[in-house]
Structure formats: C-alpha cells, structure tokens
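Undergrad: Make the full structure from the sequences, and use the hints.
Taken in sequence, the protein lines are chains C and Y.
Here this note's numbering = 1-based position in the first sequence + 52.
Here this note's numbering = 1-based position in the second sequence + 170.
For the record, the hints were derived by calculation from the structure and aren't laboratory data.
Keep in mind that the hints are not guaranteed to be accurate.
[Said to hold, decoys possible] No more than 20 Å apart at the CA atoms, straight line, and that leaves these computed lysine to any residue pairs for SDA-like:
1) Y:Lys-232 x C:Leu-101
2) C:Lys-200 x Y:Ala-246
3) Y:Lys-232 x C:Met-96
4) Y:Lys-232 x C:Lys-112
5) C:Lys-200 x Y:Arg-236
6) C:Lys-200 x Y:Lys-232
7) Y:Lys-232 x C:Arg-191
8) C:Lys-200 x Y:Ser-205
9) C:Lys-200 x Y:Ala-254
10) Y:Lys-232 x C:Glu-99
11) Y:Lys-232 x C:Ala-189
12) C:Lys-200 x Y:Tyr-248
13) C:Lys-200 x Y:Thr-258
14) C:Lys-112 x Y:Ser-244
15) C:Lys-200 x Y:Asp-252
16) C:Lys-112 x Y:Ser-251
17) C:Lys-200 x Y:Glu-253
18) Y:Lys-232 x C:Val-108
19) C:Lys-200 x Y:Pro-261
[Claimed, not checked] Facing chain C, a subset of chain Y residues (Cβ under 7 Å, in silico):
20) Ile-228
21) Tyr-248
22) Asp-259
23) Val-294
[To be verified] Stretch-level coverage of chain Y by chain C, calculated; a stretch enters the list once three of its residues show a Cβ under 8 Å from a Cβ in chain C:
24) 192-205
25) 269-282
26) 296-304
As the structure is a prediction and not an experimental result, all values here were calculated from the model.
Yeah, the Cβ is synthetic: ideal placement off N, Cα and C, and Gly gets one too.
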Amino acid sequence: MLNTDGQLYTIEGFAAALIMLITAYMVVNATSVYTAGDTHISDMQLEALGTDALRVMDTKESLNTISPLRNMVESTPIGTDNTTFGAMFGNLINNRTTSGLDHIQYTANYSYWNIDDNSVNSAFINASRNLSGGEHAVRATKWVVVEKHLPGDSAWLAQNRTVLVEVLMWRD
Amino acid sequence: MAGAEPHRSCGGADVARLNDDAQWIILMGFLVSFSFFFLALVINQSTVVGQTTAESVIEFPKNDIRDIRGVVISSADYPSSDEARMRTDIPAIAMSRKNAVVTFSSPLEINNHTVMNIHYNNGVTEFDENWTSL
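TA: What follows is the structure, given as structure tokens:
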C-alpha cells in the first residue's frame, strides 16, 4: 500500500529548495564579478577618449589656420620630441571635472610612407612614459594631411602628404 | 505494540522490513543538486559569452571607417598632384598599420558634384561607399 507519511517532508523539501535557489540567485545577482570579458568596457572608453582628443586636436581654430595636430606633425623634425603635443593631448585626456588629474599615460608617433624605398616608417612625437611592454594599452589613431618634407621625398619642398598619427594609451 | 514491529516472524526466518518513507526527500535532494549544477553551468558559460561579445565589439572598426572616409573625402579638395600622392600614402599606411585594404577612385566631376568610390576591408568588416558631394 502507498505510504503517504512523507508528504509533509516533501513539501518542506520543495520549500527548502526554493529558498536555497532564490538565495543563490539573489547573491549571484547582487555582486558583479569583473571577468576577462568585461575589460572591453574600460578599453572602449579609453579608446573613445583618445579618438575624441585627437579629433579635437585636428580641428582648425579658424579658416586660415591649420589644426594644432597638423602643426605639431609639421613642426617636429623626425627623431625629435614635441612637448606641445604632450601638453595638449595630456590635458585633454587627463582633465577631470573635479580637481586633480587622471593617470592616463600615452606614447604617440606617426606613420608615413617613404616614396623612395616603398616602406612605412614611424616617427616619434611625444610620450608621457616609456613603454615597458607590460601595459594593457589601447590604440587611438587619426589620419592627418600635412604639408611636410618627409624622408624619401624627391622634391626638397614640403608637399601635401597623409600620415597616420597613432597613440597608445593606458592607465597605471 | 503500536506502529511497525521491528521484527516479525515469517515462518521462522527474520527478514528486515524495507523502509521507503523518505524516498521523496531523496528525490528532491537530487532535484536541488541538479539545479545547482545547471546554475553553475550557466554562470560558467556567461564569462565565455562575455569574452566573445567583447571581442566582437572591439573588432568593429567604427572610428577607423569614419576616419578613413574623412581623409579620403578631404583628399578630393587637393590639386591632382597632391591627391595622387595621398592616393599612395593612404592605402599603404592603412595596409601596414591598420591591416586594412583601402582603395578609392579618383574624384570625378559629374553635374557639379564630386563623385568618389571608397572601399574598406579589414578582413572582418567591409565598407563600400559611393560618395557624392553636396
């Protein structure tokens, strides 16, 4: 004959299971675990910030002037450092609404095409810190049209050329 | 004596009686443990899903395409000798530094509009535009 003595235990078991499941659900939902898959959130914000800063720098202040970024690329001889870039870019990415600066580091260079030997070369612009290789860096880039005499140009005069300004950014 | 007797004589031999009172509780225990297993499985998979989502979001070259488009369109405003120089600069640097194939046609004047074809392909995302100036 079927024994129905354990029915109350069964209901209790159901109740206990539900309580445990709901508790586990709430605990898992209340805390967010920063997984490897979430790094894109801060990476993308940093990349957007860098791209915006480069865009601002490549904007002319008036019709007859050239953009600060273009001026920096044109006025920096290859192999030298341009601290004006650091002052402007560093400010744009590190300024906060409250006092005190953020801690974003960067290293910037630009790539150009050498017509003479058909190669792409890079020229340094400025860096807030040297790359050690351990940084989790993101890259922001901007195409800039410059009037400059680049290595490999047959003409001695400055010519209109397109270069790619590349900035690696990371937090430390 | 009330209730089940621990020992009942069955023809001279003593047989232990099967007790099946708590079977449902054991089954419920199984159910709960299985549900925990599945919960753990789902949580385990969520990190993998997050990783692939992150990769696909990062991979989409929104800024690259905007930037390339901008510089290619601006090249149409330059004299043809400058424009020809930029025509070699842009695809070469894009291929070398951005791993992207970029081609664009010479600007054509049609009915007082400048017309240009822009092509971008970085192996994952392809972009083609038939640009017409205002």
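Undergrad: For every hint, state whether the structure bears it out.
TA: Do the hints match the structure? See the list:
no.	hint	in the structure
1	Y:Lys-232 x C:Leu-101	14 Å, holds
2	C:Lys-200 x Y:Ala-246	19 Å, holds
3	Y:Lys-232 x C:Met-96	11 Å, holds
4	Y:Lys-232 x C:Lys-112	23 Å, violated
5	C:Lys-200 x Y:Arg-236	24 Å, violated
6	C:Lys-200 x Y:Lys-232	29 Å, violated
7	Y:Lys-232 x C:Arg-191	13 Å, holds
8	C:Lys-200 x Y:Ser-205	68 Å, violated
9	C:Lys-200 x Y:Ala-254	16 Å, holds
10	Y:Lys-232 x C:Glu-99	11 Å, holds
11	Y:Lys-232 x C:Ala-189	19 Å, holds
12	C:Lys-200 x Y:Tyr-248	15 Å, holds
13	C:Lys-200 x Y:Thr-258	16 Å, holds
14	C:Lys-112 x Y:Ser-244	14 Å, holds
15	C:Lys-200 x Y:Asp-252	12 Å, holds
16	C:Lys-112 x Y:Ser-251	24 Å, violated
17	C:Lys-200 x Y:Glu-253	15 Å, holds
18	Y:Lys-232 x C:Val-108	17 Å, holds
19	C:Lys-200 x Y:Pro-261	19 Å, holds
20	Ile-228	5 Å, holds
21	Tyr-248	6 Å, holds
22	Asp-259	4 Å, holds
23	Val-294	15 Å, violated
24	192-205	holds (count 9)
25	269-282	violated (count 0)
26	296-304	violated (count 0)
The structure shown violates the earlier hints numbered 4, 5, 6, 8, 16, 23, 25, 26.
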